[in-house]
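So the chains spell out like this:
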Amino acid sequence: MTKEEADNGRDDMVIDVPGQANAVPDGFNANYLRIYYGKLFPHADMFKWMSYGNDGKHPGCDKSYFGRREFSFTLENDIYIRFQSFNSVTELENSIKEKCPFKIDIGPVYSVDPAKRHAYAQSGDNVFTPVERELVFDIDISDYDDVRYCCTGADVCLECWPLMTIAIKVIDTSLRDDFGFNHILWVYSGRRGVHCWVCDGKARRLTNEQRAAIADYFHVYKGNENSQKKISLPGLVLHPFLARSYTEVLKGFFEAKLLPNQNLLASEERYEKILEMIPDASVASELRRRWQENKRASMSKDDINIVRWEQLKSILQSGKQKMQGLRRCVEEIVFSYTYPRLDMEVSRHMNHLLKAPFCVHPKTGRVCVPIDPNNCDEFDPTTVPTLSQLLEEQNRGGLRQDAENEWDRTSLGESVAFFRTSFLQPLLKSCKEEIENSYNAKLQQSKNDLSW
Amino acid sequence: MEVFQSHRKSSSNNVFVSILPFYRSAPPLEVRLEDFEFFAMDRLRVLKGISDGLCRGKKPEEMEKLVVDLWKANMRHPQAVEEVNKDIISHFVLRLVYCRTEELRKWFLSMETTLFRHRFRLESSEAQRALMSEFKLPYKAVSNAEFESVKDKLGQVARSMGQNLPAADAIFYKVPFEEVPDLVSGRRVFIHKGHAYVAMNQVVSLVVTQFRSYISKALILTNRKWTSTIREQEKDRLTPIVEALCTSYLGPDYSQPQEFGEISIKDIDQVAKTSFPLCMRHLFEKVKEDHHLKHGGRMQLGLFLKGVGLKLDDALAFWKAEFAPKVSAERFDKEYAYNIRHNYGREGKRTDYTPYSCQKIISVTLGIGDHHGCPYRHFSEENLRAALVRMGVSSRAVEDVMDKVHNRHYQLACTLTFEAVHGSSYDAGINHPNQYFIDSQRVLQSKNGSVA
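Chains as they are written, first to last, in the UniProt record's numbering: chain S, 1 to 452; chain R, 1 to 452.
Treat the hints as calculated values from the structure; they're not laboratory data.
Computed from a prediction, not measured in an experiment: that's the story for all the values here.
Each hint should be verified, as a subset may be incorrect.
[To be verified] Some chain S residues near chain R, calculated using beta-carbon distances under 8 Å:
1. Asp177
2. Asp178
3. Gly180
4. Ile214
5. Asp216
6. Val237
7. Leu238
8. His239
9. Ala441
[To be verified] Here are the in silico distance ranges between beta carbons for each label pair:
10. Val131(S) / Ala397(R): 24 to 34 Å
11. Glu102(R) / Ile81(S): 45 to 55 Å
12. Lys251(S) / Asp152(R): 16 to 26 Å
Using N, Cα and C, we set each Cβ at its ideal position, and we do this for glycine too.
Please build the complete structure, drawing on both the sequences and the hints.
In structure tokens:
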């Protein structure tokens, strides 16, 4: 991104002269955000989403629905305001434009307008309590620091990002095939992870207990720095969900990509971590011995990691191994390196706040854009549009009159279009049907009640 | 009656199939007041037996047998109709008893659920299915065709839990996954498109969950009704019975001396001072003073001493010695020894000569010259105060004790006395003089490092 001294520090960014004068320096600040919220942030789409079809057009609509949703804003200087609510798209838009929040979080839909919560008790009959909330998941690559050697902490690169890709595949497939959910939105978190929003009516109405059950269903990796064995797969065979995840996603990824890219067996330090997971000390020693001898010899032209992995597999999976713990050892190793590591707390409670899509991440300047789960292999976090990039594009595109929306002049247009066609429209269609059906059912019910 | 009609099933020889009620509504039956109390006590024995079993860490198979034994011992009736009546009536009476505090509700809920779980498991699968449809659970049995199509997956799930493959005619139920969070959580079911395939043995936990949730709500409602109307309305009839049932004595009978093994004659004087409850102290002092006790007193004290660990020979020697000034040795052997041996099960039929519980002692009617019974009930206020002071109870504590006495809470009064005398709190509440003795010895031993 080129920087032009002429443009440094100038507030007025919109210049109709094409070329260098449109360049916008990298950064994240209130001025940039003001323009972003003014012209690019898709307020109307967010409103339509959050309304779930309750736009007042059908008599069965709940006009109070949108107004009962909690938003929270993090302002400049870390000022945090909760329980924001709005009764219309205009109110939402104006508030965002006026306050210019550095981060917007979305909370649950409550039983009453959050602004009126103090009038209601916390228990008893008249309560202020969440009544609907999307089923959400949060996966953060820093939870995988023990299995990626290319980056640590907040960094992410194309070598380790695929861990997120396979997490999406495993969870998305299960949400659709196992749980029967259809309206699922995956979003880049802006820096080092992904969020998942499951928006089906059934999902929004799940209780905390049911959310916890789903989170537990997905919970396989139970590690922290202190536990050696972080994945335990007892039983003679794997549960169909785990088996499918292994054969369709994890095994292939581990053997073809992760193993060689991260050199998991190439050095002693790294292969020891894998040998530690083998409960039979004699097997581990045998492998250790072989690999120590083999350190300098590179007889085959195949990647050393792959060669050693084949050796490991052939010992562990040979018919000779009778020991209980060894049966699933290979799978356990693969799972411990690749299986999704969810933040369980995020999913369990209805009142957990989660960052809104299309926000901009303060530390990276990147926009939280949707990810297509069917094409998640193609997603590249290093090329996600940044705030300054968008503003620059927006400057350049100043002469296009035919674009309906500002964002179509920028890279953001693609994301908004995707959001609309593959998520929002099908969701709204389904919501309308639900509202109609439920309304008709109620009418029928009251007719039945009146009849003799 | 509701429960009857839906379960009237008979096999070809018109034998009643056992019926497991869900206690949906209080039976519109007329119940005799004695049955009201006795039915409840029998059921309470079952529940307390279950509680005991659980505390001792019995495994599920052992619990199942225990439940069967307890039910047979306390609730069986040759006529099935009568058995069901007793079952239902006793449950509803105990609801009144156990709805009154959070702790009581928790205990009752836990025991009734355990009881129900084991009884449900013992039913035939036909009966189980009938019960499930009675409960209006949204479970559909899986058709043969569908079973064939998912059989492999069901097998995988079973084997992943270390179980056998389902039989060809195994019954499975298709249930929305939201209904079975526990099973989802533990990956103990195959889920597809939002439906969980639940095996018959897992169905038990579903039904039990429904039962538990229903009873939990019912208890809250019962409590409201109790506090608002029933308790007052019934204050002369049912209320005293209900309140007594809670503390009614169903515990160990102390007929076999326990921890502290045997007490010999020379120990009695000492332990009488430190560890006898007031009722026994009084009798003991009276024996020493009058060299005689009437029959009621001899029984109450004599059985107590047996429970404390006094062996037959020592007992005979004790009574003989105490009576000596008034009763010659020959006359003693002729008129008193037989009864004492009888108490120790050495004469005639070995019946129920177990040391009396507080409830029994409190309820006696005293004649002239009787010194047994419960001093908290039977003594005049003046005498009681004096006796407490002699026991070493502080004047402040005496007031608390008298307060209980005025409210006719005699066992609580005795408990407070225990606390005052021993300087330690006694959470359980005194139900039996031998319990007082044992716990007193425990406290003293832990203080002095020896049995006082």
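Restraint: Val237(S) near chain R, CB-CB cut 8 Å. Satisfied or not? It holds, given that the least Cβ distance between Val237(S) and chain R is near 5 Å, below 8 Å.
Whether the CB-CB distance between Lys251(S) and Asp152(R) falls inside 16 to 26 Å: Taking Cβ atoms as reference, Lys251(S) and Asp152(R) lie about 20 Å apart, which means the hint holds.
Would the stated hint for Asp216(S) survive a check requiring a Cβ distance to chain R of less than 8 Å? holds (4 Å)
Given the hint of 45 to 55 Å, check if Glu102(R) and Ile81(S) actually sit that far apart at their C-beta atoms. violated (38 Å)
Using the beta carbons of Val131(S) and Ala397(R), state whether their distance is inside 24 to 34 Å or not. violated (53 Å)
So, His239(S) near chain R? Judge it on the closest CB pair being under 8 Å. Hint on His239(S): holds, closest Cβ of chain R at ~5 Å, below 8 Å.
Restraint check, 8 Å cut-off on beta carbons, for Ile214(S) near chain R: Holds, because the Cβ-Cβ distance from Ile214(S) to chain R comes to roughly 7 Å (cut-off 8 Å).
Holds or violated: the hint that Gly180(S) contacts chain R, with Cβ atoms closer than 8 Å. holds (3 Å)
Would the hint on Asp177(S) be counted as holding, given a Cβ-Cβ threshold of 8 Å to chain R? It holds, given that the least Cβ distance between Asp177(S) and chain R is near 7 Å, below 8 Å.
Please verify that hint: Asp178(S), Cβ, nearest Cβ of chain R, below 8 Å or not. With Cβ-Cβ at 4 Å, under 8 Å, it holds.
For the hint on Leu238(S), just tell me whether its beta-carbon gets within less than 8 Å of chain R. holds (6 Å)
Agreement of hint Ala441(S) with chain R interface, Cβ distance less than 8 Å: Ala441(S) check fails; min Cβ-Cβ to chain R is 17 Å, beyond 8 Å.
The structure shown violates the earlier hints numbered 9, 10 and 11.
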